[in-house]
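In the order they appear, the protein sequences are chains A and B.
Position in the first sequence counted from 1, then plus 311, gives you our numbering.
Position in the second sequence counted from 1, then plus 1293, gives you our numbering.
To be clear, the hints were calculated from the coordinates, so they are not data collected in a lab.
One thing to keep in mind: the hints can contain errors.
Now the in silico label distances, taken between C-beta atoms and shown as ranges [as the list claims (entries may be wrong)]: (1) A:His452 with B:Thr1339: 52 to 60 Å; (2) A:Ala404 with B:Val1504: 51 to 59 Å; (3) A:Asn334 with B:Pro1479: 46 to 54 Å; (4) A:Asn334 with B:Thr1498: 28 to 36 Å; (5) B:Thr1498 with A:Arg370: 51 to 59 Å; (6) A:Ala360 with B:Ala1551: 51 to 59 Å; (7) B:Ala1405 with A:Leu350: 42 to 50 Å.
Values in this document were obtained by computation on a predicted structure and should not be read as measured data.
Note that the Cβ used here is the ideal one computed from N, Cα and C, for glycine as well.
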Amino acid sequence: MSSIVAPVAPDQAPLLARPYYANGAPGPIAGTMAHVPELLDVAMPFIGAALGPGAVSARLKEIAVLRASALLECDYCVRSHTVVALDEGLVHAEVRALRDSGPAEDAFTVDRERALVAWVDELATGRGAVDPVVEARMAEHFAAAEIVELTLVTTTTMMLNRYCTALGLPVSATVAERLSAEGLA
Amino acid sequence: MSADTDPGALGRLGSRLWFYSNYHCNLQCSYCLTESAPGVARRQLTADQIRDAARDGRELGFDSFGITGGEPFLHDELIEIVADLAAQAPTLILSNATVFTPARLRRMEAWAGLPVEIQISLDHPEPDVNDEMRGPGNFRKVVEAIPRLIDLGIGVRIATTLEDPENADPDEMDRLCALHRSLGVPDSHHVVRPIIHRGRAVGNTLGRDVVFDDFEPELTLTADGAFATPFGPTVRGGRLDTDLLVTRATAPLSVPVAALMRAAGEAPAGDDARTGIR
Ligand code: SF4
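One chain only, chain B, in its complex shape (with noise of 0.2 Å):
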């Protein structure tokens, strides 16, 4: 097997390739790590940006592939890439599942039988409290969506998003568990992270300071160039965060590959267990 083609090729590099399909998102949450809105610039990849790094990354030994932003479905061609790299690979998307219009669902039945699973954000059992931080009617579109999704065959995790993970309230969380159990998605599919101190969180004095050696490296291209983790494009009072770039060029991927192998290998092992931010 060539070194183009070995999975161990990628070193302490996660095996998984990200891609920032867009910046713009139909929501505006109080954490967003983006400062992602509507009206935001969208700086979008191209489809042919992100099939071309998604073909060479395979062959630099990536075995799978997550899109997030930004809100990725309303980015207009999002669903014919996916349907492009999962034919590749098992394909992740981050999305916050309040935009699943009937016409979008006809479209992703497009995906059946491909490795697809949709990461969808809940943060709390009760609407109230969830759409605090993540906007009104959020919780009842999420609820919504999950069993439709679940119905084409899509696998749905759940990500919950909170500000002190550890001392979670147990009697939220077990409602929590029963509400995403009672959706179809099982506790294995479940995430609890914490709010990262970056982006909007900023602002709203959220969140806990992370460092390079918080994360796990995973290479994530982005219009604005390449980075070490999907948390690190993130963005604050209008300006992109630049302490997480690797590289501006993102093609050829062999570039931030051999970039990010370089910061990566210099720097002491990750510990993503002491954020949970996978």
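Next comes chain A alone, as it looks inside the complex (with noise of 0.2 Å):
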């Protein structure tokens, strides 16, 4: 798939950017939103506050991340979690399931999991208010905290996964050689 937007070149860095170039070019996210450095400013630290290391764990936030991901049928977003989900943990069945647009749920024994895939396969593809059965097991298995927590993680991703696609990002070289490595290119 070819990108509308390329990325901005080291070279040209607006200053607000600079700091994300530090070690070369980054990855195409921040290499374009740099095309408008005021909201990469903003928009970076909040992506990296939600996805990255939380009150939540990281292996709950990659299960929510990539299954999100792939209800959204990013590739970008499903190729580049599925590499940080296996460092995570994930073994290759939940990897699969995940990724998989079919139910999920199955691949996980751990009850706060498997309410998890619900409650992000209902914020994925519902439209309104969420199932009230989605929602009970959620509460039932997560405080106040880490619902929003999560929420926020799984449409920060959603926001991502139409950003990703619509550019038509693609992942880099080493994604993509790891992910053939692990038979799940």
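Take the two lone chains and join them into the complex the hints point to.
Here it is in structure tokens:
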């Protein structure tokens, strides 16, 4: 897929974007957002805070990210976060189930992870109010702060899913190689 | 005095607010930062954009305005825009001084009594040498225009742009200075500066490299966003340089002002003496 917007080259990095270029060209999300430095300046710290280490475990966050990305059919996020999910200890069967658009809950045995998958399915595919049954399961297994964090993880991912898909962002060669090696290309 | 009207509120930022009124030009100089020429995209700021930003700029502490391009006098509403700006604060226009037709000079009479100055490029005392860089007939038009502008009560400054100002031929400089004095422009209104290695100067292997810290940060608004200096929104190979871009948003003006103050605060103190680019 071709990209409608090329990332800003390192020698053209705007002043506010320069911290993201300190070690050379950043990834394509920051590299394209650098075209609008004042948005990059607030978006990347927010994305980092939402998807990065937080009160909720990285494993739970990656379940949410990978599932939302699969349901929104974002090739960039699915492939990039397959690697992250494996690094966070998800097994191949879990990753395959999350990446498949069919039901994924059965790949998980822990009740709160099953409740989370149902919650993400509802957020990513539903319209309007959340199904009360799904809501009740979430409330049973997670505290208010955890629900907020996981919902922000999911909805931030959905924003990125559409951003990356619309702009046709390519995954890095490193990610592509790792996916091939894992048989998850 | 509230922070909004405190001139000190601009911190390290220069107190002149710059506008790129347009990018097109009747000339095509070999060192042009913006690759300006008659046929390029105009990328004009509208009169309302300039007026609104000027009003906000005064409230934020800017005490003067600058207009550059391209050739600003090719902007259809430039004369009215300058009248509005100069009614609020001293206004400097950078011009090649080759488009002062009698009709345009008559319209400029509306500036009487306003603090307007025009900075005109003149690079060499010999017409042929001057016109090598700036195009045929440039020298003659400039020396004809300067006395007319002075007659209108408009302040005139001369900017001389050289490849190597530190090693300029003293005889040539003497003759250039004698010329501008004879035209009514005192030494205090003559600036000599180096060619900057950006824009068309890159392809012509002219000028010296500069980085952000070489400039005093001066907020500069263009149709493409706000830049950290009037030397920022350069064009190379038809593509706008973004390395000195501050924000894409230019309104409200507080957005680029805050962003540039942050960028300037994080950088070491500027040293515009090194390049003499003011
Ligand atoms: S240097 Fe000035 S006069 Fe020459 S082409 Fe560029 S804008 Fe026009």
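We went through each hint and held it up to the structure:
no., hint, in the structure
1, A:His452 with B:Thr1339: 52 to 60 Å, "56 Å, holds"
2, A:Ala404 with B:Val1504: 51 to 59 Å, "53 Å, holds"
3, A:Asn334 with B:Pro1479: 46 to 54 Å, "51 Å, holds"
4, A:Asn334 with B:Thr1498: 28 to 36 Å, "31 Å, holds"
5, B:Thr1498 with A:Arg370: 51 to 59 Å, "57 Å, holds"
6, A:Ala360 with B:Ala1551: 51 to 59 Å, "21 Å, violated"
7, B:Ala1405 with A:Leu350: 42 to 50 Å, "45 Å, holds"
Going down the numbered hints, you'll see the structure goes against just number 6.
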